[in-house]
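Asker: Full structure from sequences and hints, please.
Protein chains: 2
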Amino acid sequence: MNAEKVPDIIIGRLPVYLRALQRLSERGIQTTSSQELGEIVGISAAQIRKDISQFGEFGKQGTGYAIPFLIERLRDIMNVNKVWDVVIVGMGDMGHALARYNGFSERGFRVSMVFDNDPQKIGQKVGELEIYDIASMTEKLKQNKIRIAMLTVPATSAQEMADQLIKAGVKAILNYAPISLNVPSGVRVQYIDPVTHLQRMTYYLD
Amino acid sequence: MNAEKVPDIIIGRLPVYLRALQRLSERGIQTTSSQELGEIVGISAAQIRKDISQFGEFGKQGTGYAIPFLIERLRDIMNVNKVWDVVIVGMGDMGHALARYNGFSERGFRVSMVFDNDPQKIGQKVGELEIYDIASMTEKLKQNKIRIAMLTVPATSAQEMADQLIKAGVKAILNYAPISLNVPSGVRVQYIDPVTHLQRMTYYLD
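Going down the list, the protein sequences come from chains A and B.
For the record, in the first sequence the residue sitting at position 47 is 47 according to the working numbering, with numbers rising by one throughout.
For the record, in the second sequence the residue sitting at position 97 is 97 according to the working numbering, with numbers rising by one throughout.
Everything labelled a hint here was simulated from the structure, so no lab data went into it.
On a predicted model such as this, the values are computed, not experimentally measured, just so you know.
This list has only true hints and no planted wrong ones.
Intra- or inter-copy, both count: the list cannot distinguish identical chains.
Dumping the calculated DSBU-like pairs for lysine-lysine here, alpha-carbon to alpha-carbon at most 35 Å: (1) Lys82 x Lys167; (2) Lys121 x Lys167; (3) Lys125 x Lys142; (4) Lys145 x Lys82; (5) Lys5 x Lys50; (6) Lys171 x Lys50; (7) Lys171 x Lys142; (8) Lys5 x Lys145.
Answerer: In structure tokens, the structure reads:
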């Protein structure tokens, strides 16, 4: 998988390519070009060809990419040819929204457990899932070998919760709290921050 | 502002640099280097220097970047040296979470109106904001010259709502629905998709 050899900035673009390819596939389209893909995702065709060529030869000059094949290869490369169990920590509005989000299945993820520390929420159901007490989190995460968590607690408790998750074996955290997390090497954090997306657009507004 | 000259992929990195600089600034740090910034955001120092140099000369060889100055310049470049009114369409869990999110202020945005079409929600309050009827949206957006919207409706109604927003003058849409929107040129869309962030991390997991 040569994780060390491919720059992370390229890895970050692969999910965007995969999403675009899956949408083309849903519309019954079988082949695409770096030009077409580039127009969909807003990245130059040259950059797309360069990124994808890091992982081997996929497209043919003149005939483009076979979409089903490229989807399968990208799923292999990104390790989403299986379903990962993911937990949610913090069942406020955002935690509920994520627990009910129907975009995870078929893209490699399944919300398997949700946690909160509010006695009024513990034991309640969100869809099929019961909200568990955070006090039981370390044990449950270890038992189920959970590696991935989404963190939707307030900023004030995000670092403490991240520390607990990491002690329980979590290696990847998707952080919705508006703070930077300190994590040891070997643990990955991604931030969901609506403001960075808004700022990317205001650049173009008068 | 030379919007046409700088590739959008660079524009997309500026908010990430700005966020990192603001966090350094909050800790009282006055100068930084492309190396330090690179470690924080996970982008190479060379790339950062190249990106920032698109907009002029900022750093000095050996002394690095003056953080307050670079923050101000980036805010100018991205048009967030003022406060933009933003509306939320769809007051489900995600809409509520965004309406209550406290990361907008001081970063250029203010949620000024929220909309839904559910009679049970219309007229309810979320913080200081009353939920307005979507039927009144076009008129209210035009009156208030709203240019930016966050779309948190179900996938099935996202395109219809986007069309309404655009007719009312909206030029930038942050879309939380898991579908691609068709928009005319001159309108920008950004997607918030937790799965792309998760997939970027599973690449590194065994």
